[in-house]
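> Given next are the chains, with one letter for each unit.
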Amino acid sequence: MWDTIIINPMTNILVWIYDVLGHGPHMFGLAIILFTILIKAITWPLNASQVKGAQAMQELQNDKEWLDMQKKYAKDKEKIAQEQMRIYKERGINPFASCLPTLIQFPIIIGLYQSITHALSVTPYDMLKLARAIYPFQNVEGIIPLNSTFLWMDLGRPEGILQNLIHTSFLPNGFPLLALIVALTTYVQSKLTMPTSSNPNDQSAQMSSMMSIYMPLLLGWFALNFASGIAIYFITSNVLGIVQYAATGRANWSNLLPGGNKKSSTKK
Amino acid sequence: MNIKRLTLVSLIALGTLVLSACSGAPVSNNWHGLAADAERAYISSGTLVYAVDLKTGNEIWRYPAEIDSKLLFYATPVLTADGQLLIGSAGTSHPFVSIDPTTGKENWTESFAKGAWLASPLILDEKIYAPNTDGFLYVLDMSGKETADPIKLGGALWASPATDGALLYITSLDHQFHIINPTEGVVSDPIDLGGAAPSSPAVGADGVYVGSFASTVDFIQSNGKHEVIATAENWIWGSPALDGETLYYADLDGKIYSLDLATGSQNWDVVQPDGPIVASLVVAGDRIYAATEAGTFVALDLEGKTVWEKTVGAKIYTTPVVAGDLILVAPYQAEFVLAAYDAQGKQAWTFTPAK
Numbered sequence: 001m002w003d004t005i006i007i008n009p010m011t012n013i014l015v016w017i018y019d020v021l022g023h024g025p026h027m028f029g030l031a032i033i034l035f036t037i038l039i040k041a042i043t044w045p046l047n048a049s050q051v052k053g054a055q056a057m058q059e060l061q062n063d064k065e066w067l068d069m070q071k072k073y074a075k076d077k078e079k080i081a082q083e084q085m086r087i088y089k090e091r092g093i094n095p096f097a098s099c100l101p102t103l104i105q106f107p108i109i110i111g112l113y114q115s116i117t118h119a120l121s122v123t124p125y126d127m128l129k130l131a132r133a134i135y136p137f138q139n140v141e142g143i144i145p146l147n148s149t150f151l152w153m154d155l156g157r158p159e160g161i162l163q164n165l166i167h168t169s170f171l172p173n174g175f176p177l178l179a180l181i182v183a184l185t186t187y188v189q190s191k192l193t194m195p196t197s198s199n200p201n202d203q204s205a206q207m208s209s210m211m212s213i214y215m216p217l218l219l220g221w222f223a224l225n226f227a228s229g230i231a232i233y234f235i236t237s238n239v240l241g242i243v244q245y246a247a248t249g250r251a252n253w254s255n256l257l258p259g260g261n262k263k264s265s266t267k268k
Numbered sequence: 001m002n003i004k005r006l007t008l009v010s011l012i013a014l015g016t017l018v019l020s021a022c023s024g025a026p027v028s029n030n031w032h033g034l035a036a037d038a039e040r041a042y043i044s045s046g047t048l049v050y051a052v053d054l055k056t057g058n059e060i061w062r063y064p065a066e067i068d069s070k071l072l073f074y075a076t077p078v079l080t081a082d083g084q085l086l087i088g089s090a091g092t093s094h095p096f097v098s099i100d101p102t103t104g105k106e107n108w109t110e111s112f113a114k115g116a117w118l119a120s121p122l123i124l125d126e127k128i129y130a131p132n133t134d135g136f137l138y139v140l141d142m143s144g145k146e147t148a149d150p151i152k153l154g155g156a157l158w159a160s161p162a163t164d165g166a167l168l169y170i171t172s173l174d175h176q177f178h179i180i181n182p183t184e185g186v187v188s189d190p191i192d193l194g195g196a197a198p199s200s201p202a203v204g205a206d207g208v209y210v211g212s213f214a215s216t217v218d219f220i221q222s223n224g225k226h227e228v229i230a231t232a233e234n235w236i237w238g239s240p241a242l243d244g245e246t247l248y249y250a251d252l253d254g255k256i257y258s259l260d261l262a263t264g265s266q267n268w269d270v271v272q273p274d275g276p277i278v279a280s281l282v283v284a285g286d287r288i289y290a291a292t293e294a295g296t297f298v299a300l301d302l303e304g305k306t307v308w309e310k311t312v313g314a315k316i317y318t319t320p321v322v323a324g325d326l327i328l329v330a331p332y333q334a335e336f337v338l339a340a341y342d343a344q345g346k347q348a349w350t351f352t353p354a355k
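Protein chains in written order, with the numbering used here: chain A, 1 to 268; chain B, 1 to 355.
Since the hints were made in silico from the structure, they are not lab data. If you're wondering where the values come from, they're calculated on a predicted model, not measured in any experiment. Careful, some of the hints might be misleading.
Pair ranges (Cβ atoms, derived) [to be verified]: (1) M1(A) to T352(B): 26 to 36 angstroms; (2) K129(A) to F112(B): 49 to 59 angstroms; (3) V186(B) to I13(A): 35 to 45 angstroms; (4) G165(B) to I13(A): 24 to 34 angstroms; (5) K346(B) to M1(A): 18 to 28 angstroms; (6) M1(A) to G46(B): 46 to 56 angstroms; (7) A166(B) to M1(A): 26 to 36 angstroms; (8) L38(A) to D342(B): 49 to 59 angstroms; (9) F137(A) to K346(B): 45 to 55 angstroms; (10) I213(A) to S143(B): 29 to 39 angstroms.
Taking lysine-lysine and the DSS-like style, the derived pairs with C-alpha atoms no more than 30 angstroms apart in a straight line are [stated by the list, open to error]: (11) K129(A) to K355(B); (12) K255(B) to K129(A); (13) K79(A) to K64(A); (14) K129(A) to K145(B).
Every residue, glycine too, gets a C-beta built ideally from N, C-alpha and C.
Here chain A stands alone, though its shape is the one from the complex (with noise of 0.2 angstroms):
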């Protein structure tokens, strides 16, 4: 069921914008690139989503009910979360909103990266499965196997540089660069994001404030111990959302300076 739905309908887009840009080498990191471009076209509504459900957070933060409401039971922490849900409930606000987006990701993450080593098929056995689930239109023996070469990458291996140089227990590929651009990227667009608040009680800041600290660490460590055609999704999937974000004029930069979340003014 999950390989009809979900594994072989992306192997095959792969494998088929990989032959339409020449099945060379360098060809299946483009192919990457842009079936992550794809993919973000498709969730765009979620994520405007997520815009909007952001901003509406950080509009509830300034406003008066909502602030009287967490002076009023500064207290009692169940009544607070009870009122709380009311507001929510009254102005029809998610407050997962926010998040929900990147957790649903999290398919298409495990989707693309068991597509990946699919398509790369680095075993007899693994490519035997790949020649079933290709479509019948593909010219599959033409292009099989995937030239995995992407820049200084083996695309279905973990990446890693300067092997010859920097080799120990804990990081047996290399130095890991492309980890550090993904945990980077994910940090810097997960701060863009992330409402700010005055109120220290404001448990959806709380929970921005978390997201941004473990999703690029979570992100970071895929990276670094998975094929690295994943890490060129993540990659490729955070610069278009920052990018994204930033055209909507809502991209909170201040957030990325130490103490910028705690200044209460927003872009509008």
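Model the placement of chain B on the given structure of chain A, informed by the hints.
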């Protein structure tokens, strides 16, 4: 920790778990490699290589003694004339290892290749020619030391080289076929097969025969002249089997072909057991043995008529091996990893590794 925070952390942990379950290892899984001598069968099966007593089907030894998750063995082990069993790892760590076939003790281990080992090495004139998925053919002495610069061939090497005693013939997965003069270190211009060729060629008197994903059989002479001499309905995965003037090969449609090399015509119309055929055909005496993905192991006579047929119970991709009076079959993801049949198709024993 409040409920929202708990939910968030749980979701992240779940995502981590699910993604981790995708396996971070570059080489995830594959079917077994199988070889045998007069006394023992040797089977590579993921993290371990086993030696099995041909008389009883009992385990004699396993390598390594302690499982190392970085080591995965899928290549066919190769026995050398000086008493070594050679195999490389396809795991995240990929040493090339020499094992004592009688005891299972490690003779030596060398790490020089960047890629996984899926192909078995060839021994010629006291030298080991070891093809790696990094696209290099490594040249070693019998103690595992590199004696020359590795030969760069390009695409991943999944198949063992074949030799006519003078030249090496090897396929690479990038559709190319290479002829190498090992004494002079000369590599001829590659020959495009039109499709990937994951198996070794069959060596004949005047040249070699190789099947490919282009669904063709190519005949290639030592001077590089080549021609397509036969076709198939689907990909040809296994090596052709040469028996005198007849070439046997099979395809992923499950069809078995018998090509008369003298006339270029097929000897029979349709011989098709019950499933795709990935494993190479084996010709021994007056029998042709074929194993199918549907899990059927069949013995045919040289006219293509079924002599006997056995349901093994799991997919078979590994090429069967004849060992004395037995023929060995290694099904994939079955309850047992190895089964032995006699010439009449009676099962002699099965081998299931102890946990």
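> Checking one constraint from the list: CA of K129(A) to CA of K145(B), max 30 angstroms. Satisfied?
36 angstroms, violated
> Look at the Cβ atoms of K129(A) and F112(B) and judge whether their distance stays inside 49 to 59 angstroms.
The hint (49 to 59 angstroms, Cβ to Cβ) is violated, given that K129(A) and F112(B) are roughly 30 angstroms apart.
> Is K129(A) within 30 angstroms of K355(B), Cα to Cα?
Distance ~29 angstroms between K129(A) and K355(B) Cα, so the pair holds.
> Quick check on a hinted range of 45 to 55 angstroms for F137(A) and K346(B), using CB atoms only.
47 angstroms, holds
> Has the given pair, K79(A) with K64(A), been kept, meaning a C-alpha gap of at most 30 angstroms?
17 angstroms, holds
> Given the range 18 to 28 angstroms, decide if the beta-carbon distance of K346(B) to M1(A) lies inside it.
41 angstroms, violated
> With 29 to 39 angstroms as the target window, see if I213(A) and S143(B) comply at their CB atoms.
52 angstroms, violated
> Between the beta carbons of M1(A) and T352(B), is the distance compatible with 26 to 36 angstroms?
Between M1(A) and T352(B), where Cβ atoms are some 31 angstroms apart, the hint holds.
> Does the hinted range 24 to 34 angstroms hold for G165(B) and I13(A) at CB?
Given range 24 to 34 angstroms: violated, Cβ gap about 49 angstroms.
> Is the hinted range of 46 to 56 angstroms satisfied by the C-beta distance from M1(A) to G46(B)?
27 angstroms, violated
> May I ask you to test the hint 26 to 36 angstroms on the CB atoms belonging to A166(B) and M1(A)?
54 angstroms, violated
> Do V186(B) and I13(A) keep their Cβ atoms within the hinted range of 35 to 45 angstroms?
43 angstroms, holds
Against the hints set out earlier in the document, violations occur for numbers 2, 4, 5, 6, 7, 10, 14.
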